[in-house]
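Hey, can you work out the whole structure from these sequences and the hints?
Residue numbers (my numbering), protein chains in the order written: chain A, 53 to 314; chain B, 53 to 314; chain C, 53 to 314; chain D, 53 to 314.
I should point out that these hints are in silico values taken from the structure, not numbers from a laboratory. Some hints here could point you the wrong way.
Treat identical chains as interchangeable: a pair holds within one or across any two.
[What the hints assert, rightly or not] With a Cα cut of at most 30 Å, we get these calculated BS3-like pairs of lysine-lysine:
hint : residue 1 : residue 2
1    : 292       : 154
2    : 165       : 292
3    : 172       : 292
4    : 80        : 172
5    : 131       : 80
6    : 165       : 80
7    : 131       : 172
8    : 165       : 131
9    : 165       : 154
None of the values given here were measured: they were computed from a predicted structure.
Now for the letters of each chain:
Protein chains: 4
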Amino acid sequence: ADPLVIGGHAFTSRFILGSGKYSLALIKAAVENAGAQMITVALRRANTGGRENILDYIPPGVTLLPNTSGARTAEEAVKIARFARELCSGNFVKIEVIRDSKYLLPDNSETIKATEILAKEGFIVMPYMFPDLNAARDLANAGAACIMPLASPIGSNRGLCARDFIRILLDEMDLPVIIDAGIGKPSQACEVMEMGAAAVMANTAIATAGDIPAMAEAFKNAIEAGRKAYLAGLGRVLEKTGSASSPLTGFLHEDKNGGMHE
Amino acid sequence: ADPLVIGGHAFTSRFILGSGKYSLALIKAAVENAGAQMITVALRRANTGGRENILDYIPPGVTLLPNTSGARTAEEAVKIARFARELCSGNFVKIEVIRDSKYLLPDNSETIKATEILAKEGFIVMPYMFPDLNAARDLANAGAACIMPLASPIGSNRGLCARDFIRILLDEMDLPVIIDAGIGKPSQACEVMEMGAAAVMANTAIATAGDIPAMAEAFKNAIEAGRKAYLAGLGRVLEKTGSASSPLTGFLHEDKNGGMHE
Amino acid sequence: ADPLVIGGHAFTSRFILGSGKYSLALIKAAVENAGAQMITVALRRANTGGRENILDYIPPGVTLLPNTSGARTAEEAVKIARFARELCSGNFVKIEVIRDSKYLLPDNSETIKATEILAKEGFIVMPYMFPDLNAARDLANAGAACIMPLASPIGSNRGLCARDFIRILLDEMDLPVIIDAGIGKPSQACEVMEMGAAAVMANTAIATAGDIPAMAEAFKNAIEAGRKAYLAGLGRVLEKTGSASSPLTGFLHEDKNGGMHE
Amino acid sequence: ADPLVIGGHAFTSRFILGSGKYSLALIKAAVENAGAQMITVALRRANTGGRENILDYIPPGVTLLPNTSGARTAEEAVKIARFARELCSGNFVKIEVIRDSKYLLPDNSETIKATEILAKEGFIVMPYMFPDLNAARDLANAGAACIMPLASPIGSNRGLCARDFIRILLDEMDLPVIIDAGIGKPSQACEVMEMGAAAVMANTAIATAGDIPAMAEAFKNAIEAGRKAYLAGLGRVLEKTGSASSPLTGFLHEDKNGGMHE
Numbered sequence: 053a054d055p056l057v058i059g060g061h062a063f064t065s066r067f068i069l070g071s072g073k074y075s076l077a078l079i080k081a082a083v084e085n086a087g088a089q090m091i092t093v094a095l096r097r098a099n100t101g102g103r104e105n106i107l108d109y110i111p112p113g114v115t116l117l118p119n120t121s122g123a124r125t126a127e128e129a130v131k132i133a134r135f136a137r138e139l140c141s142g143n144f145v146k147i148e149v150i151r152d153s154k155y156l157l158p159d160n161s162e163t164i165k166a167t168e169i170l171a172k173e174g175f176i177v178m179p180y181m182f183p184d185l186n187a188a189r190d191l192a193n194a195g196a197a198c199i200m201p202l203a204s205p206i207g208s209n210r211g212l213c214a215r216d217f218i219r220i221l222l223d224e225m226d227l228p229v230i231i232d233a234g235i236g237k238p239s240q241a242c243e244v245m246e247m248g249a250a251a252v253m254a255n256t257a258i259a260t261a262g263d264i265p266a267m268a269e270a271f272k273n274a275i276e277a278g279r280k281a282y283l284a285g286l287g288r289v290l291e292k293t294g295s296a297s298s299p300l301t302g303f304l305h306e307d308k309n310g311g312m313h314e
Numbered sequence: 053a054d055p056l057v058i059g060g061h062a063f064t065s066r067f068i069l070g071s072g073k074y075s076l077a078l079i080k081a082a083v084e085n086a087g088a089q090m091i092t093v094a095l096r097r098a099n100t101g102g103r104e105n106i107l108d109y110i111p112p113g114v115t116l117l118p119n120t121s122g123a124r125t126a127e128e129a130v131k132i133a134r135f136a137r138e139l140c141s142g143n144f145v146k147i148e149v150i151r152d153s154k155y156l157l158p159d160n161s162e163t164i165k166a167t168e169i170l171a172k173e174g175f176i177v178m179p180y181m182f183p184d185l186n187a188a189r190d191l192a193n194a195g196a197a198c199i200m201p202l203a204s205p206i207g208s209n210r211g212l213c214a215r216d217f218i219r220i221l222l223d224e225m226d227l228p229v230i231i232d233a234g235i236g237k238p239s240q241a242c243e244v245m246e247m248g249a250a251a252v253m254a255n256t257a258i259a260t261a262g263d264i265p266a267m268a269e270a271f272k273n274a275i276e277a278g279r280k281a282y283l284a285g286l287g288r289v290l291e292k293t294g295s296a297s298s299p300l301t302g303f304l305h306e307d308k309n310g311g312m313h314e
Numbered sequence: 053a054d055p056l057v058i059g060g061h062a063f064t065s066r067f068i069l070g071s072g073k074y075s076l077a078l079i080k081a082a083v084e085n086a087g088a089q090m091i092t093v094a095l096r097r098a099n100t101g102g103r104e105n106i107l108d109y110i111p112p113g114v115t116l117l118p119n120t121s122g123a124r125t126a127e128e129a130v131k132i133a134r135f136a137r138e139l140c141s142g143n144f145v146k147i148e149v150i151r152d153s154k155y156l157l158p159d160n161s162e163t164i165k166a167t168e169i170l171a172k173e174g175f176i177v178m179p180y181m182f183p184d185l186n187a188a189r190d191l192a193n194a195g196a197a198c199i200m201p202l203a204s205p206i207g208s209n210r211g212l213c214a215r216d217f218i219r220i221l222l223d224e225m226d227l228p229v230i231i232d233a234g235i236g237k238p239s240q241a242c243e244v245m246e247m248g249a250a251a252v253m254a255n256t257a258i259a260t261a262g263d264i265p266a267m268a269e270a271f272k273n274a275i276e277a278g279r280k281a282y283l284a285g286l287g288r289v290l291e292k293t294g295s296a297s298s299p300l301t302g303f304l305h306e307d308k309n310g311g312m313h314e
Numbered sequence: 053a054d055p056l057v058i059g060g061h062a063f064t065s066r067f068i069l070g071s072g073k074y075s076l077a078l079i080k081a082a083v084e085n086a087g088a089q090m091i092t093v094a095l096r097r098a099n100t101g102g103r104e105n106i107l108d109y110i111p112p113g114v115t116l117l118p119n120t121s122g123a124r125t126a127e128e129a130v131k132i133a134r135f136a137r138e139l140c141s142g143n144f145v146k147i148e149v150i151r152d153s154k155y156l157l158p159d160n161s162e163t164i165k166a167t168e169i170l171a172k173e174g175f176i177v178m179p180y181m182f183p184d185l186n187a188a189r190d191l192a193n194a195g196a197a198c199i200m201p202l203a204s205p206i207g208s209n210r211g212l213c214a215r216d217f218i219r220i221l222l223d224e225m226d227l228p229v230i231i232d233a234g235i236g237k238p239s240q241a242c243e244v245m246e247m248g249a250a251a252v253m254a255n256t257a258i259a260t261a262g263d264i265p266a267m268a269e270a271f272k273n274a275i276e277a278g279r280k281a282y283l284a285g286l287g288r289v290l291e292k293t294g295s296a297s298s299p300l301t302g303f304l305h306e307d308k309n310g311g312m313h314e
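What follows is the structure in structure tokens.
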């Protein structure tokens with residue numbers, strides 16, 4: 053009824069789960085409790101030689117979203133993406149090009165280049181980006197299937213650090229805007245959905261929680277709540293005063309006979 | 053498994069619905085979609101003579117919480133509470149004493165007095181209050197069954213305007229802390245639940261939404277999400293840097309034979 | 053030209069310096085660099101027996117503002133105030149009634165009682181308070197010469213934690229509103245002055261700075277800046293878009309002859 | 053003693069005044085009250101044919117900073133910069149490349165290209181930019197003399213919309229970071245200076261004030277306050293509790309003889 057469509061594929065879930073940070077044993081529980089239909093996977097996790105294979109933990113029907121984690125240039129991202137397509141046999145790819153190892157901020161310029169090349173090769177390109185409107189437009193022109201701006205630095209759990217610039221992306225872009233990186237609490241996921249985000253991706257927020265499957269479920273509920281609220285239409289905000297919700301005039305007075313009347 | 057207990061009564065829902073602002077026809081839908089087990093009612097709404105009666109719209113099993121809306125002093129609140137007990141045949145009462153008609157801020161001093169009198173008379177007193185720790189302690193000493201601090205002015209939908217002072221109440225008070233007034237969006241309800249609130253009361257946020265039953269459901273989901281996250285334990289927040297969630301070192305290089313290796 | 057008037061006394065400085073936290077040797081420098089004309093003093097500091105006496109460090113012409121620090125009830129505050137009047141030979145007194153030793157939040161209820169008693173005895177009463185409009189009105193009715201709401205817990209340097217409720221006080225109260233406690237940076241002092249505060253009191257922000265006299269001067273500049281901006285009238289804020297400040301249309305094109313034209 | 057050095061030129065003022073928005077008659081007053089030593093000028097304003105000429109209103113000793121306002125590509129910016137050098141006979145140029153007419157956000161990618169070309173031609177390039185660390189590093193590599201990230205959209209007076217990302221620039225970049233665009237109040241200018249910004253540029257905040265010369269002076273004071281506070285070292289912030297600034301223990305008790313003792 054309200055599907056998320058990316059590159060022509062429809063999803064009923066608006067939660068994308070990152071797999072980078074937990075033990076494999078917990079991934080299955082998280083996927084199930086979160087109702088995720090798409091899960092990211094770094095190439096090294098997908099293909100771990102003799103070791104446990106993440107693919108064994110992904111329930112059937114879940115779309116794998118290989119990312120280009122580790123790429124520092126467009127060229128490297130392209131190379132990883134091509135290899136991932138062979139390995140995961142799908143066209144989805146999440147572009148991550150990160151030069152900076154302290155804040156792990158995406159390099160918009162290299163990301164745009166990689167997007168252009170890969171979109172032409174038939175990939176469904178989902179680029180991780182710094183929330184800059186001009187770069188978002190360049191990504192759209194380059195053939196991106198959505199944009200994935202960060203809320204705050206990856207893994208920080210700090211939430212929406214540039215709310216106004218995310219709002220500009222939501223207002224101006226026709227592509228789905230998926231908030232990726234930095235969302236640390238269900239309430240933050242809920243808020244970006246209320247603002248009109250198409251989906252939320254989270255990993256660290258769940259991986260660092262005390263109870264991982266429970267937090268996965270909390271994110272699921274919160275994202276659904278935010279989406280419903282967005283569709284229902286939020287009420288107006290009064291900047292200064294209040295507004296009575298119960299009748300304030302005419303409280304009751306006791307009459308001489310002990311009864312109450314207004 | 054995780055009941056909300058107020059005055060010895062256990063509830064499974066942590067959402068309290070205000071009834072002041074919608075047409076009666078919508079209340080039933082809202083109660084049902086919100087899963088609320090407690091709903092406030094102003095005396096005039098409860099007893100509207102020949103007109104429609106709100107009580108006809110409340111599903112069975114829902115606890116009525118009459119409020120003292122309209123009271124400007126402790127004395128008036130006490131009078132209304134006593135009358136409400138007769139009318140609604142229950143011991144719950146929400147104390148509202150409001151002198152100020154612009155911001156509708158509760159008068160803590162009169163509220164404490166009313167609480168003391170009514171608690172002694174066997175009421176389960178739920179006082180609406182300004183989020184002041186000293187007043188909260190006085191309310192506890194006066195016999196309140198919980199405290200109901202405002203997030204922002206009633207009906208404003210402005211959210212958590214004094215987050216740090218609400219946090220102090222959550223950290224210091226043993227009584228259930230129910231956030232009442234000003235919560236305007238599901239994400240805000242979710243956040244206060246993550247912080248440890250016992251429950252959330254909302255009215256205007258739902259009444260002013262585009263689709264009232266859908267917004268009621270969004271609040272339900274968000275409150276459940278926030279409670280789950282609180283119980284699961286939120287992850288740590290990094291104040292400055294990021295933290296890699298996928299492996300960043302060792303991206304893949306193509307070897308001479310066209311294969312990928314680290 | 054723009055004096056701060058409290059209890060009929062006019063001051064040209066809108067900075068009130070707290071003296072509780074530094075070595076006496078630094079107080080003089082701070083007072084001078086801050087241009088303060090009023091400085092608080094706790095009774096024990098004023099009268100230290102054989103030890104150094106703070107009064108020796110206060111430049112002539114500076115008004116002493118004894119506070120009732122240590123009082124836990126109205127009665128104790130009244131007692132300290134009366135004693136302070138004898139010792140400091142002035143009518144100013146800052147009422148502090150604090151029951152809570154963790155957050156040091158003022159007890160509005162006891163503060164109102166002490167204010168009423170002391171105002172009748174001819175004191176110029178400056179009450180430290182929690183920023184609650186109803187309590188502020190009670191303080192005004194009790195004879196306070198100003199109100200001194202906290203920005204955040206004393207000594208926290210956390211800034212304006214309840215901005216919206218401070219704004220309500222500024223909008224509604226006719227008495228001077230002096231922001232006291234929690235202001236941690238010059239920018240925060242500047243902001244409350246822009247909002248219309250009459251003055252700012254600071255202590256810890258300066259006492260915990262790396263260079264105390266320099267920070268005192270920074271506060272002086274910032275408070276003056278905020279006052280000027282308030283009087284000048286702040287410009288409007290655009291909630292969503294931008295607005296060109298330089299001409300954007302008609303950039304220059306080179307013509308065939310190498311000249312520039314629009 | 054604490055000069056701002058840009059491209060080998062030292063300034064004692066850390067306030068850069070934009071000239072785009074006021075009547076020429078007010079510019080002189082603003083420059084004088086703001087103590088600005090550098091003022092931006094759009095080419096069309098500098099050279100208005102028979103009409104009034106902004107250059108007549110700039111006091112001697114003030115450095116003109118021509119901007120490339122109106123440029124939509126690197127090529128256009130380069131062209132305007134070259135023409136400006138002839139007209140204003142100086143090497144300073146502020147690069148503005150703006151494709152987007154609603155939010156007026158700078159195009160980092162084109163700005164980097166223009167910076168590289170103009171730096172090689174001996175310009176002192178001051179690029180207006182979106183606050184993205186990767187782009188800032190590219191600008192430094194391209195030869196920028198400083199970086200000028202926006203606080204929020206030009207002309208919005210909305211203040212610091214991406215505080216955390218500005219902080220990253222301040223922490224990571226060796227070049228002077230000058231906050232440009234969106235600063236709407238003196239307190240906001242003060243805050244960015246406390247964070248370590250090298251200077252602040254403002255235009256609309258002053259042009260839209262009720263009293264332009266007074267607001268210019270307020271900005272001057274606030275920027276000086278922020279710089280002093282940065283150099284002095286801000287005190288620590290307590291995240292939860294308070295900390296007594298006056299002695300709280302040992303309030304005074306009256307003894308039998310009416311004297312006070314602890």
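Going down the list of hints, with the structure as the test:
Taking identical chains as interchangeable, the C-alpha atoms of residue 292 and residue 154 lie at most 30 Å apart only when they sit on different chains, with a minimum of 9 Å there against 41 Å within one chain. Taking the shortest Cα distances, residue 165 and residue 292 sit within 30 Å of each other only across copies (29 Å), while inside one copy they are farther apart (47 Å). Taking the shortest alpha-carbon separations for residue 172 and residue 292, neither the intra-copy value of 52 Å nor the inter-copy value of 35 Å comes in at or below 30 Å. Taking the shortest alpha-carbon separations for residue 80 and residue 172, neither the intra-copy value of 34 Å nor the inter-copy value of 54 Å comes in at or below 30 Å.
In this assembly of identical chains, residue 131 and residue 80 lie within 30 Å of each other by CA distance solely inside one copy; the values are 29 Å within and 58 Å between copies. In this assembly of identical chains, the alpha carbons of residue 165 and residue 80 never lie at most 30 Å apart, being 35 Å within a copy and 47 Å across copies at closest. Taking identical chains as interchangeable, the C-alpha atoms of residue 131 and residue 172 lie at most 30 Å apart only when both belong to the same chain, with a minimum of 14 Å there against 34 Å between chains. In the homo-oligomer, the alpha carbons of residue 165 and residue 131 lie at most 30 Å apart both inside one protomer (13 Å) and across protomers (27 Å), since each shortest distance falls under that limit.
Taking CA atoms no more than 30 Å apart as the test, residue 165 paired with residue 154 passes in both settings, with 23 Å inside one copy and 26 Å between copies.
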